[in-house]
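**Student:** Hey, can you work out the whole structure from these sequences and the hints?
Line by line, the protein sequences give chains U and D. Position 208 (the first sequence) corresponds to 208 in the working numbering; numbering is contiguous. Position 55 (the second sequence) corresponds to 1055 in the working numbering; numbering is contiguous.
For the record, the hints were derived by calculation from the structure and aren't laboratory data.
List time: in silico SDA-like cross-link candidates among lysine to any residue, alpha-carbon distance up to 25 Å:
#1 Lys-257/U / Gly-246/U
#2 Lys-198/U / Ala-12/U
#3 Lys-190/U / Asp-1011/D
#4 Lys-198/U / Arg-1008/D
#5 Lys-223/U / Gly-209/U
#6 Lys-190/U / Ala-1009/D
#7 Lys-108/U / Gly-92/U
#8 Lys-197/U / Leu-1010/D
#9 Lys-52/U / Asp-165/U
#10 Lys-190/U / Gly-1056/D
#11 Lys-198/U / Cys-1046/D
#12 Lys-198/U / Asp-87/U
#13 Lys-202/U / Asn-1006/D
#14 Lys-29/U / Arg-1008/D
#15 Lys-29/U / Ala-91/U
#16 Lys-197/U / Ala-81/U
#17 Lys-190/U / Leu-1054/D
#18 Lys-197/U / Asp-1051/D
#19 Lys-198/U / Gln-1015/D
#20 Lys-190/U / Leu-1038/D
#21 Lys-29/U / Leu-1062/D
#22 Lys-197/U / Asp-1011/D
#23 Lys-190/U / Ala-1037/D
#24 Lys-190/U / Leu-1014/D
#25 Lys-29/U / Arg-221/U
#26 Lys-198/U / Leu-1050/D
#27 Lys-52/U / Arg-1027/D
#28 Lys-197/U / Asn-1057/D
#29 Lys-190/U / Val-1039/D
The following label-pair restraints were derived from C-beta to C-beta distances:
#30 Asp-1051/D / Leu-225/U: 51 to 57 Å
#31 Ser-1030/D / Pro-231/U: 31 to 37 Å
#32 Ile-1043/D / Arg-229/U: 39 to 45 Å
#33 His-1031/D / Ala-254/U: 38 to 44 Å
#34 Arg-25/U / Arg-1044/D: 37 to 43 Å
#35 Met-1029/D / Leu-225/U: 38 to 44 Å
The structure presented is a predicted model; accordingly, all values stated were derived computationally and were not measured. Just so you know, even glycine gets a beta-carbon here, dropped at the ideal spot from N, CA and C.
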Amino acid sequence: MNVVVCAKVVPASTVTNQIDPTTRRLVRKDVTQELDPQAAKAVEEGLRLVDKHGGAVTVVVMGGDDATIGIRSALAMGAAAAIHLSDPALAGSDALGTAKALAAAIRKEPFDLVLCATESTDSSTGLVPGQLAQLLGIPPLTFAIALSVDGGHVTIRRQSEGGYDVVSTELPSLVTVTTGINEPRYPTLKGIMGARKKEIRKYTAANLGLGPADVGASGAREKVLTVGRPPVRPPGKIIKDEGDGGKQIVDFLAGLKLV
Amino acid sequence: MTQAPNARALDEHLQEMVLALHAAVSRAMSHLNDDPALVDRAIRDCEEILDVVLEGNVAEWLGPAT
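**Tutor:** Below is the structure:
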């Protein structure tokens, strides 16, 4: 089976994210990048499926030149090939523009299943997978905490507040995976060296048949109006146990009407 | 001292190595108490990467993939 994984390359977890006050976008230039840990889980799930059923995983990433490091990580994990959507004309795309670009690239590939993270760790909109499924004309299954393929069907356990629902649909389809679905493998030396032989195809917006009305800042219908920090939280209360710690805690909780 | 022929490629390769080490160590740390075999494997994988880095054969890192 052919699995396409939509991945994102984000500022590394060791980096403190900064917002450009003028563009209101995340500062990515000259920042250490890595494969989004959420996307790594989608890559891992794809690899497990092809380990079991045969086939190949292709990773699709939209991002600047710095995204190469994350793409190579996905290849080092075991993905067979990668597609890099890299073009200044794509910069500033909103969620729909991103979905259009990803859909145009995926349509060029034979695929049975598209896997995405539920949301990226940097922008966390969670909008792209649903839009992508709509553009590709395939059913989306979301919030998967477990995933299996049997014949022409994919079945997931869909995480819910009280537990999970089991839902199934025909392939081809799109599945979004949650944080808890797996522990991604890490790239080994063999994987890193092997990744250098793997193909990374590059597409521009023009290659995908997309223009300024579709993608990039000019095509974005969604605008970030302001960016702000969350309100400062009041300091917590420290209770010293001098024999009446338990009572103090109960009194404190009673004051909050929690007990 | 001769400058490395392709500093960016070298940067990226080293960064890949460091990210792989970071991932292996993180994975091992989260299983210290429940999966000693996984921890051993992660240590071996880290050792393998560090051996190559310490060998310092930059030309091999940046040469054509074989």
